[in-house]
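Starting from the given sequences, assemble the full structure and let the hints guide the process.
Protein chains in written order, with the working numbering: chain S, 1 to 183; chain L, 1 to 145.
Think of the hints as simulated: they come from the structure by calculation, not from any bench. A quick note: this is a predicted structure, and the numbers were derived from the prediction, not measured. The beta-carbon is built from N, C-alpha and C at its ideal position, and this holds for glycine as well. Honestly, I wouldn't trust all of these hints.
As the list claims (entries may be wrong) - Below 30 Å or equal to it, Euclidean Cα-Cα: the simulated DSS-like pairs (lysine-lysine) are:
| # | chain 1 | residue 1 | chain 2 | residue 2 |
| --- | --- | --- | --- | --- |
| 1 | S | K151 | S | K181 |
| 2 | L | K4 | S | K72 |
| 3 | S | K181 | S | K88 |
| 4 | S | K71 | L | K65 |
| 5 | S | K71 | L | K41 |
Claimed, not checked - A few chain S residues that face chain L, going by a derived Cβ cut-off under 10 Å, partial list only:
| # | residue |
| --- | --- |
| 6 | N27 |
| 7 | D40 |
| 8 | I41 |
| 9 | A43 |
| 10 | D44 |
| 11 | V48 |
| 12 | V51 |
| 13 | D58 |
| 14 | Q60 |
| 15 | F70 |
| 16 | K72 |
| 17 | E76 |
| 18 | K127 |
| 19 | N128 |
| 20 | S132 |
| 21 | G133 |
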Amino acid sequence: MKKLILLLLIITANYHNSIAQQYFTKNGLISFFSSAMLEDIRADNNQVISVINLTTGDIQFSLLNNAFHFKKALMEEHFNDDYIESAKYPKSTFKGTITNLATITPARDGTYNATVTGDLTIHGVTKNVTVSGKITLRSGQVSVNAVFKVKPRDYNINIPATVKNNIAEQIDLTVNCNYEKRN
Amino acid sequence: MNKKIKKIIIAATVLIAIAAIVLYVVWNKPHRNVQSADAAKITATELYRVFITDSAKARNLYVNKVVEVSGEITQLSLNQQSQQVILIKTAIPGAAVNCTMEEKAGDIKAGDLISIKGICSGYISGDADMGLPGDVFLIRGYHKK
Numbered sequence: 001m002k003k004l005i006l007l008l009l010i011i012t013a014n015y016h017n018s019i020a021q022q023y024f025t026k027n028g029l030i031s032f033f034s035s036a037m038l039e040d041i042r043a044d045n046n047q048v049i050s051v052i053n054l055t056t057g058d059i060q061f062s063l064l065n066n067a068f069h070f071k072k073a074l075m076e077e078h079f080n081d082d083y084i085e086s087a088k089y090p091k092s093t094f095k096g097t098i099t100n101l102a103t104i105t106p107a108r109d110g111t112y113n114a115t116v117t118g119d120l121t122i123h124g125v126t127k128n129v130t131v132s133g134k135i136t137l138r139s140g141q142v143s144v145n146a147v148f149k150v151k152p153r154d155y156n157i158n159i160p161a162t163v164k165n166n167i168a169e170q171i172d173l174t175v176n177c178n179y180e181k182r183n
Numbered sequence: 001m002n003k004k005i006k007k008i009i010i011a012a013t014v015l016i017a018i019a020a021i022v023l024y025v026v027w028n029k030p031h032r033n034v035q036s037a038d039a040a041k042i043t044a045t046e047l048y049r050v051f052i053t054d055s056a057k058a059r060n061l062y063v064n065k066v067v068e069v070s071g072e073i074t075q076l077s078l079n080q081q082s083q084q085v086i087l088i089k090t091a092i093p094g095a096a097v098n099c100t101m102e103e104k105a106g107d108i109k110a111g112d113l114i115s116i117k118g119i120c121s122g123y124i125s126g127d128a129d130m131g132l133p134g135d136v137f138l139i140r141g142y143h144k145k
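Given below as C-alpha cells:
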C-alpha cells in the first residue's frame, strides 16, 4: 500500500511538472534609448532575470541598475549617481500577468500578441503599467519582445533643465528575452 | 592699443581652446580599466555564500568593485548581443556566478576551472514558486590565465 501511494505521488508530481509551463532566463536583455536634440543615449543590460508561467500568466523581470552599459563612461556615471541612484535603489523590477492568456496556446508554435499588466518599480517608485508585446513559441523555446515608453519624471527621476536638450522626456524601453524551460 | 586687443584676443582663444580640450577629455573619458585594476580574489562558492547570508556586507565589499572569481564552469553560452556568458558553479544547484565577458575566452569548456576578473554588479534573487535560485552577476569579464 505504502509503495502504491509513493508511486501515485511520484506520478502526480511528474504530471504536475509536465503541464506547468514555466520558463526562465538569467541573461535576458533590456535596453533603453533616449533621443533628444543634442544626443542619442543607449544602454544595454544583459543580466535580466525573468520568469514566465504560461499556465498562470505570471511574468516577472528584475535587473540591477548598475549593470546597464553605456558607450560613454561619463553617461554611465551620471546615470548611476545622479538619475537612477543605483546605490540607493539597486534594482528595477516588473511583476505582472498576461491578461489575454486564453488566446495563447502553449502547445502550438507561433508568435502571439500579448498584453501584460502589472507593477513596474524604478527608482523606488511603483506604477501600474500595461504593455503590449509579443510572445514567440518555437519547439519548446519561448521568447518575449516588447517596446514601451517610460517617463523618468513619473518615477521621481529629476532631469535638470540644463541637460533637457540631452535627455528625452520619454525613454524607450526594449525587452528582448529568450527563455529556457524550467523542469 | 591694437597690441592690447591682439593680446586679449590671443589669450581668450587660448583659454577657449584649453576649455574645449578639457571638456572633450572629460566627455570621452574611458571606462574603468578592469584588466589593470586591483582585484579581491575569491571563489565563486564563497562570493555567492556572502551574498545570500549577509547582503549588506556583500554590497560593501563587492558591488561595483573589480573582483577575480574562480571556480568550475557549469555552462557556456552567448547572449543576445553575442557576448560570451560563463556560469561558474556555486554550492547551490542551479545557482551560479553569472559572468558576461568583455573579451571572449577561447579554448574552455564546461567542467574546466577558470578565473574571471570583472566588475561585480550584485545579486538578483530567483523565483521561489519555481524553485529557481538567484545568481551573482559579473560584468565586463576577462579570462585570467
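For each hint, the structure was consulted:
no. : hint               : verdict
1   : S:K151 with S:K181 : 34 Å, violated
2   : L:K4 with S:K72    : 42 Å, violated
3   : S:K181 with S:K88  : 34 Å, violated
4   : S:K71 with L:K65   : 20 Å, holds
5   : S:K71 with L:K41   : 28 Å, holds
6   : N27                : 5 Å, holds
7   : D40                : 15 Å, violated
8   : I41                : 13 Å, violated
9   : A43                : 12 Å, violated
10  : D44                : 7 Å, holds
11  : V48                : 9 Å, holds
12  : V51                : 5 Å, holds
13  : D58                : 8 Å, holds
14  : Q60                : 7 Å, holds
15  : F70                : 9 Å, holds
16  : K72                : 7 Å, holds
17  : E76                : 7 Å, holds
18  : K127               : 21 Å, violated
19  : N128               : 21 Å, violated
20  : S132               : 21 Å, violated
21  : G133               : 15 Å, violated
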